[in-house]
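Q: Residue-level listing of the chains:
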Amino acid sequence: GQQVMQIPQYQHVQEGEDFTTYCNSSTTLSNIQWYKQRPGGHPVFLIQLVKSGEVKKQKRLTFQFGEAKKNSSLHITATQTTDVGTYFCAGPGTVSGGYNKLIFGAGTRLAVHP
Amino acid sequence: DAGVTQSPTHLIKTRGQQVTLRCSPKSGHDTVSWYQQALGQGPQFIFQYYEEEERQRGNFPDRFSGHQFPNYSSELNVNALLLGDSALYLCASSLVGTPGGVFFGQGTRLTVV
Numbered sequence: 001g002q003q004v005m006q007i008p009q010y011q012h013v014q015e016g017e018d019f020t021t022y023c024n025s026s027t028t029l030s031n032i033q034w035y036k037q038r039p040g041g042h043p044v045f046l047i048q049l050v051k052s053g054e055v056k057k058q059k060r061l062t063f064q065f066g067e068a069k070k071n072s073s074l075h076i077t078a079t080q081t082t083d084v085g086t087y088f089c090a091g092p093g094t095v096s097g098g099y100n101k102l103i104f105g106a107g108t109r110l111a112v113h114p
Numbered sequence: 001d002a003g004v005t006q007s008p009t010h011l012i013k014t015r016g017q018q019v020t021l022r023c024s025p026k027s028g029h030d031t032v033s034w035y036q037q038a039l040g041q042g043p044q045f046i047f048q049y050y051e052e053e054e055r056q057r058g059n060f061p062d063r064f065s066g067h068q069f070p071n072y073s074s075e076l077n078v079n080a081l082l083l084g085d086s087a088l089y090l091c092a093s094s095l096v097g098t099p100g101g102v103f104f105g106q107g108t109r110l111t112v113v
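Those sequence lines, one after another, are chains A and B.
First residue of the first sequence: 1, per this note's numbering; consecutive thereafter.
First residue of the second sequence: 1, per this note's numbering; consecutive thereafter.
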């Protein structure tokens, strides 16, 4: 079945360093979504990318959707301790009757050392 | 404007028992999805409800069942609990036909002993 894979599984950085997580799908996606889950919290929606090659920025976060719409990345510039958490990408699964489900990657856990 | 609310927040059950988890979607949302998140993993889709009907289902056994009420709130029922059912159960709400992400509740932490 459809799979969404993320690397790396863990990333430890010093505060101020950059961070990137990569997401790859086994199938072409109509869109890709990114979520952040703080330790002990729940996933919070960050952004959705729809177009091939799309790049979107949210302050220090840059999101990219690959040209083939099978991969995506999230880059954080100059990490801060508030960036700590697990970042998930998610793609829509099989559409049935107009309804779809989200297939999540396993996530990249980011630790930021002050 | 209340977000997605789930109850209870924590629950401990014994193997073989049955459990019911509850979810109220964000105001204005009509679609509820349930996810299971094991420790260190991403959320796994269980099923989705819209207009009181199950619309999509993930790879979960029939022990997992659900319901949606006319006010859009939802319940997740799990029968014959197994140790492996221990996880964070997340409810996510959205408005059908609206692009963008879903809104998750804070989850119910289920421990089966």
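A couple of the hints might just be wrong.
[What the hints assert, rightly or not] Residues of chain B clear of chain A, computed beta-carbon distances all greater than 10 Å:
{"no.": "1", "residue": "27"}
{"no.": "2", "residue": "41"}
{"no.": "3", "residue": "62"}
[As the list claims (entries may be wrong)] DSS-like cross-link-like pairs, simulated, lysine-lysine; straight-line CA separation at most 30 Å:
{"no.": "4", "chain 1": "A", "residue 1": "36", "chain 2": "A", "residue 2": "51"}
{"no.": "5", "chain 1": "A", "residue 1": "57", "chain 2": "A", "residue 2": "70"}
{"no.": "6", "chain 1": "A", "residue 1": "57", "chain 2": "B", "residue 2": "26"}
{"no.": "7", "chain 1": "A", "residue 1": "59", "chain 2": "A", "residue 2": "70"}
{"no.": "8", "chain 1": "A", "residue 1": "36", "chain 2": "A", "residue 2": "57"}
{"no.": "9", "chain 1": "A", "residue 1": "51", "chain 2": "B", "residue 2": "26"}
{"no.": "10", "chain 1": "A", "residue 1": "36", "chain 2": "A", "residue 2": "70"}
{"no.": "11", "chain 1": "A", "residue 1": "36", "chain 2": "A", "residue 2": "59"}
{"no.": "12", "chain 1": "B", "residue 1": "26", "chain 2": "A", "residue 2": "36"}
{"no.": "13", "chain 1": "B", "residue 1": "26", "chain 2": "B", "residue 2": "13"}
{"no.": "14", "chain 1": "A", "residue 1": "51", "chain 2": "A", "residue 2": "70"}
{"no.": "15", "chain 1": "A", "residue 1": "56", "chain 2": "A", "residue 2": "36"}
{"no.": "16", "chain 1": "B", "residue 1": "26", "chain 2": "A", "residue 2": "59"}
{"no.": "17", "chain 1": "A", "residue 1": "70", "chain 2": "A", "residue 2": "56"}
{"no.": "18", "chain 1": "A", "residue 1": "56", "chain 2": "B", "residue 2": "13"}
Rather than coming from a laboratory, the hints here were simulated on the basis of the structure.
Remember, predicted model here, so these are calculated numbers, not experimental data.
C-beta: ideal position from N, C-alpha, C; glycine also.
Q: Next pair to validate is residue 56 of chain A with residue 36 of chain A; report whether the Cα-Cα distance is within 30 Å.
A: 16 Å, holds
Q: With 10 Å as the threshold, tell me whether residue 27 of chain B passes as away from chain A on beta-carbon distances.
A: 16 Å, holds
Q: Holds or violated: residue 26 of chain B with residue 36 of chain A, Cα cutoff 30 Å?
A: 19 Å, holds
Q: Under the criterion that the straight-line Cα-Cα distance not exceed 30 Å, is the pair residue 26 of chain B, residue 13 of chain B satisfied?
A: Answer holds: residue 26 of chain B to residue 13 of chain B is near 28 Å, not above 30 Å.
Q: Check the hint pairing residue 26 of chain B with residue 59 of chain A against an upper bound of 30 Å on the C-alpha distance.
A: Cα-Cα ~27 Å, so holds.
Q: Sort out whether residue 56 of chain A lies within 30 Å of residue 70 of chain A, counting only the CA atoms.
A: 17 Å, holds
Q: Would you mind confirming whether the straight-line C-alpha gap from residue 36 of chain A to residue 70 of chain A stays at or under 30 Å?
A: Within the cut-off at roughly 20 Å; holds.
Q: Need the status of pair residue 59 of chain A, residue 70 of chain A: alpha-carbon distance at most 30 Å?
A: 25 Å, holds
Q: For the pair supplied as a hint, residue 51 of chain A and residue 70 of chain A, confirm whether the alpha-carbon distance does not exceed 30 Å.
A: 11 Å, holds
Q: Decide if the proposed pair is consistent with the structure: residue 57 of chain A and residue 26 of chain B, CA atoms, cutoff 30 Å inclusive.
A: Measuring from Cα to Cα gives roughly 26 Å; hence the hint holds.
Q: Given the hinted pair residue 57 of chain A and residue 70 of chain A, is their alpha-carbon gap at most 30 Å?
A: 20 Å, holds
Q: Verify this label for me: residue 41 of chain B is non-interface relative to chain A, using a Cβ-Cβ cutoff of 10 Å.
A: 6 Å, violated
Comparing the model with each numbered hint stated earlier shows that hints 2, 18 do not hold.
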